[in-house]
Amino acid sequence: MGFYDKIVESFTEIREKLSTDPATNESVSSALAAELTLISTLLIATILLRHISIILTIIIALGLTLFLITNMPLIPKLKKEQSDSLDKMLFYIIVTLGILITVIYWGTTNV
Amino acid sequence: MNELIPLMVIIPIACALLLNLFHTKDKTITILALTVAIILPIIPLLSNYGLHYFGGHAPLINTGTLLNSLPSNISDSALAIFHPAVTYSYESLQKIFIFVLGIVAFFAIFTSLSQTKKISGPLMFLMFMGTAAVTAILLSDDIFHMYIFFEIAALAQTGIILTSKTKDNYETALKYLIIGSVGGPLLLLGIGLLLGLVGSVNISDIVYAISHNLVDPLSPAFLLAFGLIFFGWLYSSGLPPFHTIKSSLYSKALPHASSLLQAFTVVTFIGFGIAIFRIFSILPFFETLIIVFSLLAMILGVTMAIMQKDFMRMIGFLAVGELGYIGLGFGLATQFSVTAGLFQALNEIIITALIIIGFGAVLYLTNTSDTKKLGGLIVDNPALAIMVLIGGFALAGVPPLNGFQSKLMIIQASLNSGFPEISIIAILVSIITFMTFMKVFHSIFLKPKPRNLKLVNKKVPKSIILSVGVLLIICIVLGLFPQLATDNISQFVMGLI
Numbered sequence: 124m125g126f127y128d129k130i131v132e133s134f135t136e137i138r139e140k141l142s143t144d145p146a147t148n149e150s151v152s153s154a155l156a157a158e159l160t161l162i163s164t165l166l167i168a169t170i171l172l173r174h175i176s177i178i179l180t181i182i183i184a185l186g187l188t189l190f191l192i193t194n195m196p197l198i199p200k201l202k203k204e205q206s207d208s209l210d211k212m213l214f215y216i217i218v219t220l221g222i223l224i225t226v227i228y229w230g231t232t233n234v
Numbered sequence: 000m001n002e003l004i005p006l007m008v009i010i011p012i013a014c015a016l017l018l019n020l021f022h023t024k025d026k027t028i029t030i031l032a033l034t035v036a037i038i039l040p041i042i043p044l045l046s047n048y049g050l051h052y053f054g055g056h057a058p059l060i061n062t063g064t065l066l067n068s069l070p071s072n073i074s075d076s077a078l079a080i081f082h083p084a085v086t087y088s089y090e091s092l093q094k095i096f097i098f099v100l101g102i103v104a105f106f107a108i109f110t111s112l113s114q115t116k117k118i119s120g121p122l123m124f125l126m127f128m129g130t131a132a133v134t135a136i137l138l139s140d141d142i143f144h145m146y147i148f149f150e151i152a153a154l155a156q157t158g159i160i161l162t163s164k165t166k167d168n169y170e171t172a173l174k175y176l177i178i179g180s181v182g183g184p185l186l187l188l189g190i191g192l193l194l195g196l197v198g199s200v201n202i203s204d205i206v207y208a209i210s211h212n213l214v215d216p217l218s219p220a221f222l223l224a225f226g227l228i229f230f231g232w233l234y235s236s237g238l239p240p241f242h243t244i245k246s247s248l249y250s251k252a253l254p255h256a257s258s259l260l261q262a263f264t265v266v267t268f269i270g271f272g273i274a275i276f277r278i279f280s281i282l283p284f285f286e287t288l289i290i291v292f293s294l295l296a297m298i299l300g301v302t303m304a305i306m307q308k309d310f311m312r313m314i315g316f317l318a319v320g321e322l323g324y325i326g327l328g329f330g331l332a333t334q335f336s337v338t339a340g341l342f343q344a345l346n347e348i349i350i351t352a353l354i355i356i357g358f359g360a361v362l363y364l365t366n367t368s369d370t371k372k373l374g375g376l377i378v379d380n381p382a383l384a385i386m387v388l389i390g391g392f393a394l395a396g397v398p399p400l401n402g403f404q405s406k407l408m409i410i411q412a413s414l415n416s417g418f419p420e421i422s423i424i425a426i427l428v429s430i431i432t433f434m435t436f437m438k439v440f441h442s443i444f445l446k447p448k449p450r451n452l453k454l455v456n457k458k459v460p461k462s463i464i465l466s467v468g469v470l471l472i473i474c475i476v477l478g479l480f481p482q483l484a485t486d487n488i489s490q491f492v493m494g495l496i
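Chains as they are written, first to last, in my numbering: chain W, 124 to 234; chain A, 0 to 496.
For reference, chain A alone in the conformation it holds in the complex (with noise of 0.2 Å):
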């Protein structure tokens, strides 16, 4: 059923523009966002691959009588293969990565309906719109398109900051919109210089472009779009030294949110990673580009984090940092290791909402985020606890969990492409995450109970430990058999390398 695959961003889009319009409504709003959001997660598992085409407009080839009746001079150029329309690509990768985001705002706005007293419309908004956008950036062939998509994104992104009421929200939704009018619009003029260079903006049209010849890829334009676009994808992913505006982001929206957000930066980071491996892979320079960033991100994101005394913006450091390993697995630009990096990207998606919905709870508990005053919370919790403990064991890699099996597979990968020191650093940031979450761990569960914590709430809501245990089972699932992704993932990158 291929008219399902625009139906993965038209649903949630018409959803989002509904639940606006019923704000005021509570129960409208909670059985309208809790019907999409289980129908989410079910519609790439009905979808059949391939493609779609918006307008129904195929490429000339595609068609063979329009193709016959036109001159020779256009049915036998480049223009036949072009693609004239949107195009969207459902693919084994897709299907995967749209199953768990789809997981993912499920719980989230099933947490977020169950813990506010007053239901909030354009909250529910911005997160299926944000929804909406990632899954039409990681579909789409088209990098205009995508760029659209990600301004949307990020604008949700920015919405639902401000809708937080935490301290200093409105501070640090500022700043974003500040930074992206810098980093969006350098990421627009590369892709107009491409546009200018191949007269298309759909991927494969570039791609075929430059591997017939029919563009200089050594060109100053050329390079220097890929340089504007490079630059543009560390700012949508939140590599440095973007890092620090991305990990402020995660602290300062409510924990549920929170969890939502970090997966749209992780498919955004793949999106756009996939298509700038497409395009610009051929440069000289491209693969020690991903690696040095993705680096970078790793030590300061794992250094930063342990440093942190507020525990949200210890997980966004930590999470920042992770990001780090998926950028290895397409810097070392082999098909193990980018199969890697995207497992690593799965897990994450899934660890890191973990963890964020399980110190969500804590937040909840307590009304604050600051680990000097809390303490003791293990006594009255010790399930959420115990989970939330398991979900930073796979956050840090330990076995057999799914952040191991892919960490491992990024080791593997490293010291396969005769990078040992790569390997090296891998395995140091896993052991300074599993310190960093140890100490945050044992500050907020395991040290004596401040005398003047006072808790705000008495129970952590069941909807917590519910999605804290279904996204643990899924962890374990990936641990043990971890090819249940990687075949899907696999498959995929055979196609791309």
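So here's chain W without its partners, still in its complex pose (with noise of 0.2 Å):
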């Protein structure tokens, strides 16, 4: 490899390194789609309520509704969360093992 490259090379490296991640159009069709699949998915996953309360399931879908909407955009959000920061991990592991456990204990013997 001449000198000339080296030099030309090393220009390319330093622009990527400054860019700051342009929004292609790939990205944000991506962006978009996953934050329509969040939406979707869960407002119909809400639907299943409706074998326990057709009442429950329409307060607490509109209440999602309003939820989802006002916090617009969900996904960076959400990607945010989903890192993988090992706090953020453990985090949701223990709030996990916390709901698991109370769901199993009081759900069972109180319904």
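Worth flagging that the hints you see were computed from the coordinates, not collected in a lab. A portion of the hints provided could be inaccurate.
[Said to hold, decoys possible] Below, computed lysine-lysine pairings styled on BS3-like, alpha-carbon distance capped at 27 Å:
hint: 1; chain 1: A; residue 1: Lys117; chain 2: A; residue 2: Lys308
hint: 2; chain 1: A; residue 1: Lys308; chain 2: W; residue 2: Lys211
hint: 3; chain 1: A; residue 1: Lys308; chain 2: W; residue 2: Lys200
hint: 4; chain 1: A; residue 1: Lys24; chain 2: A; residue 2: Lys116
hint: 5; chain 1: A; residue 1: Lys371; chain 2: W; residue 2: Lys202
hint: 6; chain 1: A; residue 1: Lys308; chain 2: A; residue 2: Lys372
Can you join these two chains into the complex? Each is in its own frame, and there are hints to help.
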């Protein structure tokens, strides 16, 4: 590799380091698809509650819709929460364990 | 030949130990590893269905003379039925899964040996040890034995990450160990509670004790055991909240090793899933909890996958999302749905291995997994690109491939169970999986080649082409003739439900 090529390559590398991840057609469409998937699947999943109570389903579906719309865009927030940070992983693990044991113990003995 | 049942575990363990011993002798490692890798899928085909009692200690009821010599307070009690030894149960389900695991292990080892210039004895050791461990999980009828082998599999997975020399691999391995130090002991605590309640860790004994009212399934200790074992299952199978670390694990391993890691996860998922189903399906909330976590896995897996720029991480998230389909099969809890879930598990092992090994070729050629830096690779590798594309179709559930058959079965099962919402979500997630795959395929193979993209290797190894080709043929055959797998699976499920 010539001296000139090395200089050009170093410029390319520096430019890559300085560039702030431009929004491309691909990344925007991905984010939109993810956002719509998240909202639609969560709302459809809420309808499953109709097996317990229809009134509960209506209340939760309306509440969730309001929550999702007021917090848009959701995906950047979700991505931040689903990062590789050990703190966040452990936080969600402990929260899940707490909810799981609560639902299984009190849910079974009181239902 | 029932003697072959324990050999399915003993042979890979013995091979792993020998490989570690000969770790500097490349030729010996290659011959030994390839020979045992060829043997692995053959043993389940030769073995007869049946039980194997370690040490020959069968239940007292099977040994007439000994039973008659015992006092009636023992011979008439449940003790006569309980299993005193670790028991391996080999049935139609184990046959097909151990066979497919053997095939994937063979191709993972074959591509590993052909790609690396300096053969790593420790990596081979870990791959065989992990294969032996998950085989034992699938065969064992003893939940403590399953736990022990699960921990061995978890350590093997951590070791595989450590040998990969990818960026931040040590950090990911350490995180997995730390998280494992939460999930693993809680699983063991749950098993300990069951032992305290029933007096046995054999799953058949526990089921017998519950069905004959020897244990109150609504007692707080039993419920706590369920909660802890269920939590341990989430950890072992990479369902939320463990999906992030699991997908990270796949992306940090070398592709050939990663193809085996995902197979370990799926086999552990169904091994523990079947055990939990047998023991706890009597409880309220059981099915609901499985469905909730499965839906979460699907939604989070696919939404995170589509946002990734690193294709290995994207495959990691997609693989975790696909686990949700298997969980749905268990959660719907009908014979048809469990068959569909287990068929999906079998398909996932094959399809994900195909895609990871196929994309591994891209990593081999370019030394990068960043899709922004890639492009135009179809020009030099059209055959590989087309095979990987068809593999992606199978993953998304495009007819007539195997992924389509199993996903269609799951959708039908949820409609039959009165949950059309689940069917809609399953279809939506399949569509997004397709979109995610096409996005990454376009980035790697179809978009114009970036000018600064340098190839570190000129040609894709033939071992990769062969591996992807054979796995693709299996996908097509299972897609056209799903009964080859579903007959075996439904035969097992009939005994389960």
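>> Output the indices of the hints that this structure fails to meet, ascending.
In response: When the structure is compared with the hints, only number 1 turns out to be violated.
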